[in-house]
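Here is what each chain is made of, one letter per residue.
Number of protein chains: 2
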Amino acid sequence: MTLERRTLYHFPLCPFSRKVRLFLYEKGIPFGLVHELPWQRREGVLKLNPIGDLPILVEPDGSVITQHNAICEYLNELTPVNNLLGDTPKWRAEIRRITGWFDSSFYMDVFKPLVGERVVKALRTGLMPNSMMIRAARDNLKSYLKYIEWMAAHRPYLGGKSLSMADLAVAAHLSVLDYLGEISWENYPEMKLWYSKIKSRPAFSSLLQDKIAGIMPSEMYTNLDF
Amino acid sequence: MTLERRTLYHFPLCPFSRKVRLFLYEKGIPFGLVHELPWQRREGVLKLNPIGDLPILVEPDGSVITQHNAICEYLNELTPVNNLLGDTPKWRAEIRRITGWFDSSFYMDVFKPLVGERVVKALRTGLMPNSMMIRAARDNLKSYLKYIEWMAAHRPYLGGKSLSMADLAVAAHLSVLDYLGEISWENYPEMKLWYSKIKSRPAFSSLLQDKIAGIMPSEMYTNLDF
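Residue numbers (this note's numbering), protein chains in the order written: chain A, 1 to 226; chain B, 1 to 226.
None of these hints come from the bench; they were simulated from the model.
Remember, predicted model here, so these are calculated numbers, not experimental data.
Please note that a few of the clues may not be correct.
To be verified - Going by beta-carbon spacing under 7 Å, a handful of chain B positions derived as facing chain A:
hint, residue
1, Asp61
2, Thr66
3, Asn69
4, Ala70
5, Tyr74
6, Leu85
7, Pro89
8, Ala93
9, Arg97
10, Trp101
11, Lys142
12, Glu190
To be verified - Cut-off 30 Å, straight-line C-alpha distance, at most; resulting in silico cross-link-like pairs (DSSO-like, lysine-lysine):
hint, chain 1, residue 1, chain 2, residue 2
13, A, Lys142, B, Lys121
14, A, Lys121, B, Lys142
15, A, Lys161, B, Lys47
16, B, Lys121, A, Lys90
17, B, Lys112, A, Lys112
18, B, Lys192, B, Lys90
19, A, Lys47, B, Lys142
20, A, Lys112, B, Lys47
21, B, Lys161, A, Lys112
22, B, Lys192, B, Lys112
Built from N, CA and C at the ideal position, the CB exists for glycine as well.
My request is simple: use the sequences and hints to build the entire structure.
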């Protein structure tokens, strides 16, 4: 007989799945992983979440929690150990601001067009990427990296004085782009220092072992002294 | 001498601005409104929020809170009066799930293409709307309305047994579409009952007075017995 445990249904290229994985590891909450391809809309997934979005967290009691932000807030409420949301209302507002901004604007301006064209389109349809969309996304990426560089130069962690959901959200996005070799780390020294700090955390090691079929990770991806 | 008070910089067509306005009214927190056109990227706005996104909340002490979700969570933490986030971790997860889903997926699938093409494009550029984008957004709208109809049939409020952020987020989106006459209420009787309940709340009356230059509201918009 096996005890039921937490299970996360995830897609390794999904930045929201990655954020929740990091969140679970940092909180020290044990869980199992089930790998899904979101566009397959598998029946087992739709039963858990009729909307079909990943990630999906299934609790030991069988209850289902979906939507990445709702999952993170829920996990942080479950246990006060390793609080990832700051200690004051204003600090929490800053952490949620950065997280929400990356998970909406960065995702739409950079992540979705870049990863969608370079990887997901090829995996799903075998079609060629749209180079204009990729170029626009790379231009947008630069503005965001400049902003991260500024934050990293002014604060020990992006959300403030200690590790928070903001670091995990931003690192989740960047880690996929890094896999694809899209980040010119040498142009952003403060951001690079911050990222190497996050990347060296035990919580990150599972992400570094992810492999995407047909695509080799960049040389930097698993290197902790990149 | 006037006392500093809370100020919300908003754009009446922005569903995130509307959600935060409703949140402030429901919490009973007094505030002043400053009307902005987001695409003008006015210097005074960029000083408060270099990213330029609306809404922006300026606190009585001058501190600035941005990003709609961060603002709502912050306001709910400020005072326990009229809690809009549920009483248990799982209930809060459900409220945040619905809110996050509408503010990301509904916004991208329906709101942005529909309101962007029908209104914002005309206001900004005077160009004709793209009818294919509008048609696709209207198709998407139907799936979401069916889901709201299902929720409204099964619960007194969308997030559970009492009013929550989920109702305010969904109503904020729908209220703009209703202004534009995009909602066929007669096809969704349970949703209509839910919306008329939300619309009749004192908090909603300010939204119903909004006027968009050059566009008359639909007949239904201000009618409480629609």
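Hint by hint, here is what the structure shows:
With a least beta-carbon distance of about 10 Å to chain A, the hint placing aspartate 61 (chain B) at the interface is violated under the 7 Å criterion. Nearest Cβ of chain A to the Cβ of threonine 66 (chain B): about 6 Å, under the 7 Å cut. The hint holds. With a cut of 7 Å, the hint placing asparagine 69 (chain B) at the interface with chain A holds, because the nearest CB-to-CB distance is about 5 Å. With its C-beta approaching chain A no nearer than about 4 Å, alanine 70 (chain B) sits inside the 7 Å limit, and its interface hint holds.
For tyrosine 74 (chain B), the interface hint holds, since its Cβ comes within 7 Å of a Cβ in chain A; the closest pair sits about 4 Å apart. Annotation: interface hint on leucine 85 (chain B) violated; nearest CB of chain A at approximately 9 Å, more than 7 Å. Here the hint on proline 89 (chain B) is kept, as its CB sits about 4 Å from the closest CB of chain A, short of 7 Å. At about 4 Å, the closest approach between the beta carbon of alanine 93 (chain B) and any beta carbon in chain A falls short of 7 Å, and the interface hint on this residue holds.
The criterion of a C-beta within 7 Å of any C-beta in chain A is met by arginine 97 (chain B), whose closest approach is roughly 4 Å, and the hint holds. Proximity of tryptophan 101 (chain B) to chain A holds as hinted, the smallest CB-CB distance being about 6 Å (cut-off 7 Å). For lysine 142 (chain B), the suggested interface contact is broken, since its CB lies about 15 Å from the closest CB of chain A, more than 7 Å. Annotation: interface hint on glutamate 190 (chain B) violated; nearest CB of chain A at approximately 17 Å, more than 7 Å.
Pair hint lysine 142 (chain A) plus lysine 121 (chain B) holds up; C-alpha atoms about 27 Å apart against a cutoff of 30 Å. Taking the CA atoms of lysine 121 (chain A) and lysine 142 (chain B), the gap is near 27 Å; set against the 30 Å cutoff, the hint holds. At most 30 Å may separate the alpha-carbon atoms for a hinted pair to count; lysine 161 (chain A) and lysine 47 (chain B) meet this at roughly 24 Å. At roughly 36 Å between alpha-carbon atoms, lysine 121 (chain B) and lysine 90 (chain A) are farther apart than 30 Å, so this suggested pair is violated.
For a cut-off of 30 Å, the pair hint linking lysine 112 (chain B) to lysine 112 (chain A) stands: about 16 Å separates their Cα positions. For the proposed pair lysine 192 (chain B) and lysine 90 (chain B), the alpha carbon gap of about 27 Å is at most 30 Å, so the pair holds. A hinted pair counts as satisfied when its Cα atoms are at most 30 Å apart, and lysine 47 (chain A) with lysine 142 (chain B) qualifies at roughly 21 Å. For a cut-off of 30 Å, the pair hint linking lysine 112 (chain A) to lysine 47 (chain B) stands: about 29 Å separates their Cα positions.
Restraint check for lysine 161 (chain B) and lysine 112 (chain A): not satisfied, since their Cα atoms lie roughly 36 Å apart, outside the 30 Å limit. With a CA separation close to 23 Å, the supplied pair lysine 192 (chain B) and lysine 112 (chain B) stays within the 30 Å bound.
In this structure, the earlier hints numbered 1, 6, 11, 12, 16 and 21 are contradicted, and the remaining ones agree with it.
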